[in-house]
Amino acid sequence: MAELRVPVSAADHIRGGADGRVVLVEYGDYECPYCRLAHVQVLRLGKHFGDDLTYVFRHFPLTEIHPQAGPAAEAAEFAGAHGQFWAMHDAIYAHQDQLSLLFLMDAARALGLSERSLEAALAMNTYAPKVAQDFQGGIRSGVNGTPTFFINGHRHDGPFDYQHLADAIQSVRFRH
Amino acid sequence: MGQLLMGQLLAPGVSAPDFTLHVTPDQTLSLDDLRGRSVVLAFYPADWSPVCGDQMALYNQVLPEFRKYDAAVVGISVDSAWCHQAFAETRHLHFPLLADFEPKGAVASQYGAYRNGEGVCERALFVLDRDGIIFWSYRSPIAVNPGADGILDALDRLENQETSHGRT
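So the protein sequences, as listed, match chains A and B.
Just so we're aligned: 44 in this note's numbering is position 44 of the first sequence, and the numbers increase by one with no gaps anywhere.
Just so we're aligned: 95 in this note's numbering is position 95 of the second sequence, and the numbers increase by one with no gaps anywhere.
Mixed in with the good hints there might be a few duds.
[Said to hold, decoys possible] Negatives, chain B to chain A, calculated, CB over 10 angstroms:
hint: 1; residue: G53
hint: 2; residue: E65
hint: 3; residue: G112
hint: 4; residue: D149
hint: 5; residue: R157
[What the hints assert, rightly or not] Simulated restraints on C-beta separations:
hint: 6; chain 1: A; residue 1: F174; chain 2: B; residue 2: R67; range: 37 to 47 angstroms
hint: 7; chain 1: B; residue 1: D26; chain 2: A; residue 2: R116; range: 49 to 59 angstroms
hint: 8; chain 1: A; residue 1: A18; chain 2: B; residue 2: R37; range: 39 to 49 angstroms
Everything labelled a hint here was simulated from the structure, so no lab data went into it.
Idealized CB from N, CA, C, for every residue including glycine.
The following block holds chain B by itself, in its conformation from the complex (with noise of 0.2 angstroms):
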């Protein structure tokens, strides 16, 4: 076989590779901001995905169930800002949209959620805990939105754990 397409994303235990990207185009983020919360990173292929229900737009619609877990949701696509700002105001998006767009995917490549033939992020979720350690992540094929199932369900189980560590 030849060079595989796909990269190995980062497994749980792993300490989540920071990084600082543009959310708009004169403001950026970075994962050390939201240290001390509970994190979804959100990879995904391409902005203007022509559905209603999008995955960032179902998310967007979720967001009440994601902060009852003081969960920050972050989405990534090598959108550039300009792009991301367009989508996140057609869609009214209540949550951060960062741009992998300069090195383009560098950041999702470190995740292992880049598709080096299209150039494109993978349809990748990763849950970090409040420590910044990945706790979940799942690949779903590139056609195919996750959802958000699997988000609350490892929320769910992170919470579990928190609790009987006796964090609160």
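With the rest of the complex left out, here is chain A (with noise of 0.2 angstroms):
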């Protein structure tokens, strides 16, 4: 079974319980739509769980068939270098049918970021070393697809439905 090669650090983003009984990692590209259906059930699944759930999303671009999935991840890392990752990445999965590069700009100045930044990050690569970290660690680690989840360290290989995840989630919560 594939196992999480990259732990959890201070340079993920993490949503949810700081400490949580349960970390559920989530390698993930903006422009998928199994993803998109994927955020909303991990939006009901922090309701659910609260404090007792981390949640930590990484970037998971597949480039090749998803053209405006690099720019999303380096304009999140954008957002999440001024505190407002978690922001952008909800306005992303929100609005999923009109990414593009003056969606990000319209994003990034709706966060009251300046597009000006945003469009310079995006031409200088700022932000691509991390998001090809995100993505050679999820290599490394047996992500095979999108989204692919990892719960306490254990790549999940069952739908990524709501029930499912949830169960998977409770099946560990109180094991030690």
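Reassemble the complex: the two chains are provided individually, in unrelated frames, and hints are given to aid placement.
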């Protein structure tokens, strides 16, 4: 069974409990429709499990089939550098059908961030290394498509609808 | 128990059987053509899986990593060359897909990677060394995309072995 090889660290974007009983790591792509579906489920899981669940999102853009996924991931990192990662993350998934450079610029402006700075960051690939680092860590951990979830370090090979994920999380919640 | 559905994968140490298969409707590729490089053979059930990050799309995205090992990647299924061509164009694949189409599954069978009852290839991975000897092989459950981690780990070990044998 595939195991997460890159431990969760301060370099990660974390949502939910800071030190939850269960750590859910997702490798996702902003242009992937299945990831958008998963995003909705992850928000529900967060509500249900509260601080018992620590959720981490890492980038796995399949840029050959999703040309907007790379810039979107870099834009999320740009927002993250200004403390707004999750706001950008949510905005992208909420409007995935409109994903474009123009959309990313608008989203940055709506968050009070400088469009010009985002444009420069994309042009200079400022956040590309961080995205590539996530991707490579994912490959080495056995990420086999998007989304791929790891629950307490083990790849979740089952379906990623709400019930399957919730059951998988519940089954390790009180295990030590 | 009745007839086993799954054959035995060719194991490490065995010389990989040579083959010549269509890579496009008017071009063929032989395993011999790749001699001198490490080779990743990825048998898979079918083109057009209804997911974004299918196995071939994933390997396509990981090609820069494979290139660091000077490894050639080849996908093999029983789909025809025309089917592969359409699939590769849609997914922007930058590596060859071979058609084990006629006689159907003949190459996969030689590698122990053919599912008789279903008429498709297993999800079976082989890493060959530069001399065409199987260095690593792995069969994944048919429903589970094996990812690329096992291949990269095998290429790491192969590279270490070559280095320790003084090959650069």
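Quick one: work out the minimum CB distance from B:G53 to chain A and report holds if it exceeds 10 angstroms, violated otherwise.
-> violated (3 angstroms)
**Study point:** Distance restraint hint 37 to 47 angstroms, applied to the beta-carbon atoms of A:F174 and B:R67
**Key:** holds (46 angstroms)
(request) May I ask you to check that B:G112 keeps its beta-carbon over 10 angstroms from the closest beta-carbon of chain A? (result) holds (22 angstroms)
query = Is the nearest CB of chain A more than 10 angstroms from the CB of B:D149?
reply = violated (4 angstroms)
Open item on the list: Taking the Cβ atom of B:D26 and the Cβ atom of A:R116, is their distance within the range 49 to 59 angstroms?
Closed with: holds (51 angstroms)
No chain A beta carbon within 10 angstroms of B:E65's: violated (7 angstroms)
| Distance restraint evaluation - A:A18, B:R37, Cβ atoms, bounds 39 to 49 angstroms | holds (48 angstroms)
Distance rule for B:R157, whose beta carbon must clear each one in chain A by more than 10 angstroms: Its Cβ never comes within 10 angstroms of chain A, the nearest being 14 angstroms, so this holds.
Of the numbered hints listed earlier, those contradicted by the structure are 1, 2, 4.
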